[in-house]
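Make a model of the complete structure from these sequences and hints.
Protein chains in written order, with this note's numbering: chain Z, 1 to 446; chain P, 447 to 933.
Don't read these hints as lab results, they were simulated from the structure.
Treat the hints with care, as some may be off.
What the hints assert, rightly or not - Which chain Z residues face chain P? A few, computed with CB under 7 angstroms, are given here:
hint, residue
1, 174
2, 176
3, 246
4, 303
5, 329
6, 349
Computed from a predicted model, the values in this text were never measured in an experiment.
Every residue gets a Cβ at the ideal spot worked out from N, C-alpha and C, and that includes glycine.
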Amino acid sequence: MSHTSFACTSSFDEEAMLQAVGAESFDDLFSQIPADFQTDSFDVASGLSEMEMMQHIRKLARKNSSDLTNFCGAGFYDHFIPAAVNSLTSRGEFFTAYTPYQPEAAQGTLQAAYEYQTAIARLTGMEVSNASLYDGGTALFEGLMMALRITKRNRVLVDTGVSPIYRTMLRSYTRNLKIEYVEVPLSDGAADRAAFAEQLNDQVGAVLLQNPNFFGCLDDLTDLIEQVHAVKAVAVLSTYPIALGLVKTPGEMGADIVTGEGQSLGLPLSFGGPYLGFMATRKKLVRNMPGRIVGATQDDQGRRGFVLTLQAREQHIRREKAASNICTNTQLCALRSIIYLSLLGKQGFADVSRQCMDRAGYAWTRLNAIDGVEPLFDRPFFNEFAIKLPKDAGDVVSDLIEEGIAAGFPAGRYYEGMENVLLCAFTEKRTKMEIDILAAKLEAVL
Amino acid sequence: MKNMKLIYELSSKGRGGVRIPEDRISAEDIIPVELLRSELAELPEVSESEVVRHYTRLSRLNYSVDTHFYPLGSCTMKHNPRACEAAASLPELCETHPLWPQLRHGGLLTQGSLQLLYSLERMLSEITGLAEFTLQPLAGSHGELTAVMMMAAYHRDRGNKKTHIIIPDSAHGTNPASAALGGYEVVTIPSDASGDMDIDLFKAALNDETAGVMLTLPSTLGVFNPRVKEIIDAVHAVDGLMYYDGANFNAIMGRIKPGELGFDLCHLNLHKSFSTPHGGGGPGTGPVGVCEKLRPYLPISRVAKTKDGTCTLDYDFPKSIGYIAPFYGNFSILVRAYAYLLMLGREGLRGTSDRAVLNANYVQEKLRPHFTAVSPGRCLHECVFSGKSLGEGVHTLDLAKALLDRGYHAPTIYFPLNVPEAIMIEPTETETKETLDAFCADMIEIAELSKTDPAALHHAPVTTPVGRLNEVAAAKNMDLTYTGGAK
Numbered sequence: 001m002s003h004t005s006f007a008c009t010s011s012f013d014e015e016a017m018l019q020a021v022g023a024e025s026f027d028d029l030f031s032q033i034p035a036d037f038q039t040d041s042f043d044v045a046s047g048l049s050e051m052e053m054m055q056h057i058r059k060l061a062r063k064n065s066s067d068l069t070n071f072c073g074a075g076f077y078d079h080f081i082p083a084a085v086n087s088l089t090s091r092g093e094f095f096t097a098y099t100p101y102q103p104e105a106a107q108g109t110l111q112a113a114y115e116y117q118t119a120i121a122r123l124t125g126m127e128v129s130n131a132s133l134y135d136g137g138t139a140l141f142e143g144l145m146m147a148l149r150i151t152k153r154n155r156v157l158v159d160t161g162v163s164p165i166y167r168t169m170l171r172s173y174t175r176n177l178k179i180e181y182v183e184v185p186l187s188d189g190a191a192d193r194a195a196f197a198e199q200l201n202d203q204v205g206a207v208l209l210q211n212p213n214f215f216g217c218l219d220d221l222t223d224l225i226e227q228v229h230a231v232k233a234v235a236v237l238s239t240y241p242i243a244l245g246l247v248k249t250p251g252e253m254g255a256d257i258v259t260g261e262g263q264s265l266g267l268p269l270s271f272g273g274p275y276l277g278f279m280a281t282r283k284k285l286v287r288n289m290p291g292r293i294v295g296a297t298q299d300d301q302g303r304r305g306f307v308l309t310l311q312a313r314e315q316h317i318r319r320e321k322a323a324s325n326i327c328t329n330t331q332l333c334a335l336r337s338i339i340y341l342s343l344l345g346k347q348g349f350a351d352v353s354r355q356c357m358d359r360a361g362y363a364w365t366r367l368n369a370i371d372g373v374e375p376l377f378d379r380p381f382f383n384e385f386a387i388k389l390p391k392d393a394g395d396v397v398s399d400l401i402e403e404g405i406a407a408g409f410p411a412g413r414y415y416e417g418m419e420n421v422l423l424c425a426f427t428e429k430r431t432k433m434e435i436d437i438l439a440a441k442l443e444a445v446l
Numbered sequence: 447m448k449n450m451k452l453i454y455e456l457s458s459k460g461r462g463g464v465r466i467p468e469d470r471i472s473a474e475d476i477i478p479v480e481l482l483r484s485e486l487a488e489l490p491e492v493s494e495s496e497v498v499r500h501y502t503r504l505s506r507l508n509y510s511v512d513t514h515f516y517p518l519g520s521c522t523m524k525h526n527p528r529a530c531e532a533a534a535s536l537p538e539l540c541e542t543h544p545l546w547p548q549l550r551h552g553g554l555l556t557q558g559s560l561q562l563l564y565s566l567e568r569m570l571s572e573i574t575g576l577a578e579f580t581l582q583p584l585a586g587s588h589g590e591l592t593a594v595m596m597m598a599a600y601h602r603d604r605g606n607k608k609t610h611i612i613i614p615d616s617a618h619g620t621n622p623a624s625a626a627l628g629g630y631e632v633v634t635i636p637s638d639a640s641g642d643m644d645i646d647l648f649k650a651a652l653n654d655e656t657a658g659v660m661l662t663l664p665s666t667l668g669v670f671n672p673r674v675k676e677i678i679d680a681v682h683a684v685d686g687l688m689y690y691d692g693a694n695f696n697a698i699m700g701r702i703k704p705g706e707l708g709f710d711l712c713h714l715n716l717h718k719s720f721s722t723p724h725g726g727g728g729p730g731t732g733p734v735g736v737c738e739k740l741r742p743y744l745p746i747s748r749v750a751k752t753k754d755g756t757c758t759l760d761y762d763f764p765k766s767i768g769y770i771a772p773f774y775g776n777f778s779i780l781v782r783a784y785a786y787l788l789m790l791g792r793e794g795l796r797g798t799s800d801r802a803v804l805n806a807n808y809v810q811e812k813l814r815p816h817f818t819a820v821s822p823g824r825c826l827h828e829c830v831f832s833g834k835s836l837g838e839g840v841h842t843l844d845l846a847k848a849l850l851d852r853g854y855h856a857p858t859i860y861f862p863l864n865v866p867e868a869i870m871i872e873p874t875e876t877e878t879k880e881t882l883d884a885f886c887a888d889m890i891e892i893a894e895l896s897k898t899d900p901a902a903l904h905h906a907p908v909t910t911p912v913g914r915l916n917e918v919a920a921a922k923n924m925d926l927t928y929t930g931g932a933k
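Spelled out as structure tokens, the structure:
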């Protein structure tokens, strides 16, 4: 075989097929393309066998250190994934299918999406969810745009407790649009009520908040969302789904649009993706929601079935007037999350949430007992909190990597004046012994 | 077939799937009660065996490339080699935190992943004839938006006053939607009789305020626009930028470098030409390549290689459009594409497009006597027909449903919009001659049936888990979440 193209035709087949279409050669098939447009010069190596390819990639993979004890979170968390998640999502019937354009031939994908939408709505305390978006950051941007469509206004207030990674994305995206993007600084680890009160008026279309915020602090945002509603603006709340096993839901706080990163629901960290953006809202706002949505209906014999619905919002129909340019969702990631949530179940999911809180609670006491370490904010938290060190947090993290520990994320990377602040995250996977070692090693390098 | 229950309808109080460790290490709960949710989320209460059986059974309701011929035009539903899955699931690649390389000296923790990204970026640049790629865009449409943002940054930097982007009417809907989200007005140009953008109307629309043109090549009709050079030169003459929509790259891979033709930007759908799985609708990934003059505007971070071969992340590009994704793209999808390209190699690039085009032409010529082919001559990777030649009262939709009964996924239908009753067939290179012969025979049988027994087609499909679904009722009733309790 002269090439590895994964094609299925033999040279005998190809000869017969070329003859059938009246072509003399493969080159002849491309005769509609002027010869001087074509090139045969590609500086790419010859094809490898499967075995050689795997050897090559294994060699690369071994250059990674995946065995660090990880306390680095910052919005992306190292949770346990039950084996059945991988086993079920690697079924070819799921992962080699595409968009359910022919619903009769895609009921598996569609029903799973409907089950996913139900789970997201129940977790967030909202009424409806879409079938997923790319990631938590793009989902938040879509939430922002949705809020501006609803209010027909163009000013956005963003709490700086919203992930700085997401805020840099929002700044890129809003730059070319007629959007006034205003950030409202945190006050002592919480959204600044007074500053928001000053800024809120009938020009403001969207207010973007996050709970727990980037520093892990928990807040009841009900009062602030009431302020937002008082000027008829829309409250968009980004959240961390594992926390929703325990903490007050965005729905209970009165949020209009809820977005977030679903990576923690059964997706590996995978060096940044693919992840899972989720979005939920109130039923009355659903026609402004971007992304695919699955609905239940009946077939010609009255049997229940599922279809993509409310498609008049979407780009393939509305083109430049669409609610978003989004074409696909991240169906396979959404599937992972609904399988994960089903495996854990009502009580199990709350238990995972409680385990995370438990580890963080223990670590808070241990780490803040170290001489020279103090809490950055004295506020309730879920599974992550920030501590102030007597020296540069970047140096401390670098020292502890030598000990096999990723001690956390240095907040100074994104927040000016926080060079000594370390953000530490705890999941159900972290043990008491690991936290004790973290505390001991941290103490040793300070 | 009996209705499949929902996972929520299988739920029974007190059941659970996965055991969670019960140890507590801190003395008390740290969250004040007023910050807790009032009741637990109503997630299913089911055993692991029920979950496994439920989702296994759901999977079997799907048509997929693994189980069915899937000639969905414009989607390039080729086989997904399992070696790529094996490569992407190596634990050292899956279990690294994306923020590790941003820690001080952290680049060494993820050196393998960074080197992989760097190599893939170089390969895509070489294959497309462009200067550099960003691997960050999370889907094709996200790549389009990223490219439009770079166009805007370029024009802002040059002090150009640009207001609109020109797009042919045969383009995917994502093109105009992405242009609008990038802050531009959209000028739509109708197609001429051969399906290409009407060159006279295009020239009339082109002016100093044209930011650029988004062109799909070959077009959605599977035909190569012979006047593409003329278009590119005209756009460059007004300092506009040419965007290559890589949706149909499988047709010309290994034969044409869009960068050498004069395109300034290009996105590639790795889930199409580069064989990463479609996942039932994502995750996709849509890297974007740019020519030399647009490099300063690429999103950050960028992966760079130092003299000693170490790879690092660079952020210091003041003209960059900034972050468009949280990290470095859909990494595990990128691993699959890299594995695929390593196996394909130089010869396999053209080997792929040669056979994709042969298969499409073979289907086109077999069906030409029975359907109205849009192209009088050869097609490239896909062939487009009109269903108008079907029997009276029979539509393309009926044909699509009848194909489901015969064990095929349907082609793309009613797209492109400029072909009435469109049927768009893209067989890809990973199908045997026997499969194509059988598919064509069934297509011809349906065409004949449409004239002799049209009613039989109106009732299709009858072999699928459900029959035709009431989409109007779905949109009206808006039953988007299950509101019932457990059984």
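Status of each hint after checking the structure:
no. : hint : verdict
1   : 174  : 10 angstroms, violated
2   : 176  : 3 angstroms, holds
3   : 246  : 6 angstroms, holds
4   : 303  : 5 angstroms, holds
5   : 329  : 5 angstroms, holds
6   : 349  : 6 angstroms, holds
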